[in-house]
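Top to bottom, those sequences are chains U and B. FYI, in my numbering the residues of the first sequence are -17 to 298. FYI, in my numbering the residues of the second sequence are 212 to 480.
Simulated from the structure, these hints should not be mistaken for lab results. What you are looking at is a predicted structure, and each value in this text was computed from that prediction instead of being measured. Ideal Cβ placement from N, Cα and C applies to all residues, glycine included. Among these hints, one or two may not hold up.
[As the list claims (entries may be wrong)] Anything over 10 Å on all C-beta distances counts as not near chain B; from chain U, calculated:
(1) Arg10
(2) Gly38
(3) Glu100
(4) Lys110
(5) Asp178
(6) Gly196
[Said to hold, decoys possible] The calculated label-pair distances, taken between Cβ atoms and stated as ranges, are:
(7) U:Gly106 / B:Leu402: 45 to 55 Å
(8) U:Asp146 / B:Lys388: 53 to 63 Å
(9) U:Ala53 / B:Leu234: 28 to 38 Å
(10) B:Arg473 / U:Asp146: 37 to 47 Å
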Amino acid sequence: MITATGVCKSFGEHRVLDEVELEVAEGRIFALLGPNGAGKTTMVRILSTLIAPDAGQIRVAGHDLSTDPHAIRGVIGVTGQFSAVDNLLTGAENLRLMTDLRHLGRRAGAQRVRELLERFDLSGAADKPLSTYSGGMRRRLDLAMTLVGNPRLIFLDEPTTGLDPRSRRTMWQIIGELVADGVTIFLTTQYLDEADQLADRIAVLDHGRIVAEGTPAELKRRIPGGHIVLRFADPAPLHEAATLLDITPPPGEQLTLQVPGDGSLGSLRQLIERLDDAQVEVEDLSIHTPDLDDVFFAVTGRSTTADPALEEVVQR
Amino acid sequence: MSALAYTFSDSRTMLRRNLKHQLRYPSVTVMLVAMPIVFLLLFVYVFGGQLGAGLGSHPAGHSDRGAYLTYVVPGILIMTVASAALGTALSVAMDMTEGIIDRFRTMAIARGAVLTGHVIGSLIQTLIGLAIVLAVALGLGYRSSASALDWLGAVGLLALFAFALIWLSAALGLAAKSVETASNTPLFLTLLPLFSSGFVPTATMPDGLRQFAEYQPFTPVTQTVRGLLSGSSTSGHALAAVAWSVGIALVCYLWSVRLYDRRRATDPK
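The shape of chain B in the complex, shown without the other chains:
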């Protein structure tokens, strides 16, 4: 086998290991997917009527609540991505405290296979989470006029953004000194969708917060997904969304690999 084949094979082995962990201990997955669903129900049924009225005119036959459901689903999907990414920091940090990681490091395993296994595992977890959340949204009456191609674009962008946030979370998990820290540091990821265009239009926010909301990465991603799913234009947000995703993924990938190698070099345990 060539070096590339080994990398592929070892990464697949590590991926299988992570998926087994997820299957055997589904409580983490359930918790990560439950959060956006709770937010969906909360925002649609508690705040939805009022917020929908605030959205202004909407198509005939749509109630205020129905209009808000249409508005908030892209935000909830982004929140699902952010929430699922939390799991990566946790699983990476847990791995780093276990003796098995030292065993991996004394074996001739392709470099990066351990992290790749975690990241791809989390990505699969995220996609399953998105499917569940979307099913709940459809159950609540969410309908989209988007074409198959639009859907493909939306899912593709969500997956790309998830990939970026998962690498970020992996780096935070590696940087954390303990599992407890690792479960706390990425929590800001689940707050950022609230300070974006995910739940209310940024125009309704006060100065300062509005600028922050408009320029942080969650807004262009939300706007692009919303544009694709509602069949309206993505009005220049798509490029920013992809650029943010690729940028975060690249920086955090390099950061993670560096942290992984450095822990090997100095850990005195």
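Same shape as in the complex, but just chain U:
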């Protein structure tokens, strides 16, 4: 559905996208995962014909982006990070605007508006001005407007940012239904669980570069497995344990040691026995199973503890 190679984009001195390459299969959910400022929105704006890349070849739905953007606009739908609704109109009028611009005709248009209002649970607020809409309602109307023309490819730029947990689940459910209908979804998110939950394929974008790409399972496999975290009261037992288990101790004053292992009962028992035999005092032990957080931090080379600022950005 999308093939992009060597996509570059700079704003002034600032290089936002650097040789980005990606491939999105038809009928699947593709997630572009990355922290704020990684270049996700810029990528969506390029793929959805809003801005031109500085370099690179892009084909969307069989059309060349540089020569035939109009054809691409006919088959895509975009729901951006900032709600793309007309705040001076009512919900129904917003949808009607879309059916008119898609040239659905009077009767088919009215029918489609009713359908979408129903489906997105907006019938009750159809004739109310948007100033009375909640954030979740706006986001639903926004997506409903995108669906008016039955797009085959939908770009969702951070569709759940700023939504409460319930609206977020509703949005996930809607995305699932769309894919069941054969629509291809290009999703950007900074929520790792969201990509894990929804996507068939994930590309991790960091500082304008794709640093990892694959299925959620493949990405998790890139982490050699889970690990067990041992915490010590003081450095002496930590160094004893490190020597015993043949692990390089962490630099500085840190009193924790990461032991590779999948956290299975057998490996755990073995580890405890070895520590007991050597009479090493362990203050605390926790098991860490691999998730996308590990993948993200493994491929970007930054750990949560090393960079609390980044951690905050990613969690937000």
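Put chain B on the given structure of chain U with help from the hints.
Quick look at chain B alone, frame taken from chain U:
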């Protein structure tokens, strides 16, 4: 449907959108029409007696104030056109800051439909404003001996000039970085009628200002409308009025389209 039919249909959809905005939020329209009415009342009732006396001889049965009313109405109509054009910059700039414009740009919509909707919407707003202002003038006792054809010519020229100023205002709205800027930059349009033959004959102005007043576009348009409405000759002003209008419209149309396309190309938001 052909490309032309799509252009027509999309422009009509955008026009409907703009008219709905105007209907739902009439305060802007009211403000834009109120300004020339305030000027009309101010100039006729406060300054009118004195200014009318300064106009020299006038037909029997006309008071000084009545004569000045006849003189100033074309100027007020031009001011209505200028005032209504302010709204275009505002509505265009507001649109550009909203997310909906990005949605339009990712849809297969006829090129130019968004701007066309704004411009035609403003033109309709202007014509309604002219009708209201003219009704007030008639209520104050304004009478014209003009024939239906003269009226048609006057309204036609006012509409053409409005079209030009609206494109100018649309370009200023697109060029503005914020809605606040967009509401300020076209304000000079409402000052220009004061420095033209709209309110007093240019001959009474000091050198420098007089030349400016005589050669700026508002004067030939005012003189032509005044000529048509009073049944006197338009004495060569008509050609200049039409030329100015067409010229401004053309340049500002091209400028607007360029600005609209360029905002798409670089806006990093």
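The hints, checked one at a time:
Against the 10 Å criterion, Arg10 of chain U stays outside the reach of chain B, whose nearest CB is about 21 Å from its own CB. Residue-level check passed: Gly38 of chain U sits 16 Å from the nearest beta carbon of chain B, beyond 10 Å. For Glu100 of chain U, the requirement that its beta carbon stay farther than 10 Å from each beta carbon of chain B is met, with the minimum near 22 Å. Under the 10 Å C-beta cut-off, the non-interface status given to Lys110 of chain U relative to chain B holds; the minimum distance is some 13 Å.
Every C-beta of chain B lies more than 10 Å from that of Asp178 of chain U, the closest at about 28 Å, which supports listing it as non-interface. Gly196 of chain U, annotated as away from the interface, keeps every beta carbon of chain B farther than 10 Å; the closest lies near 29 Å. Distance hint for Gly106 of chain U and Leu402 of chain B: a CB-CB separation of about 50 Å, consistent with the stated range 45 to 55 Å. Restraint check, Asp146 of chain U to Lys388 of chain B: a C-beta distance of roughly 34 Å breaks the suggested window 53 to 63 Å.
A hinted range of 28 to 38 Å holds for the C-beta pair Ala53 of chain U and Leu234 of chain B, which are about 36 Å apart. A hinted range of 37 to 47 Å for the beta carbons of Arg473 of chain B and Asp146 of chain U is consistent with their spacing of about 39 Å.
In this structure, only the earlier hint numbered 8 is contradicted, and the remaining ones agree with it.
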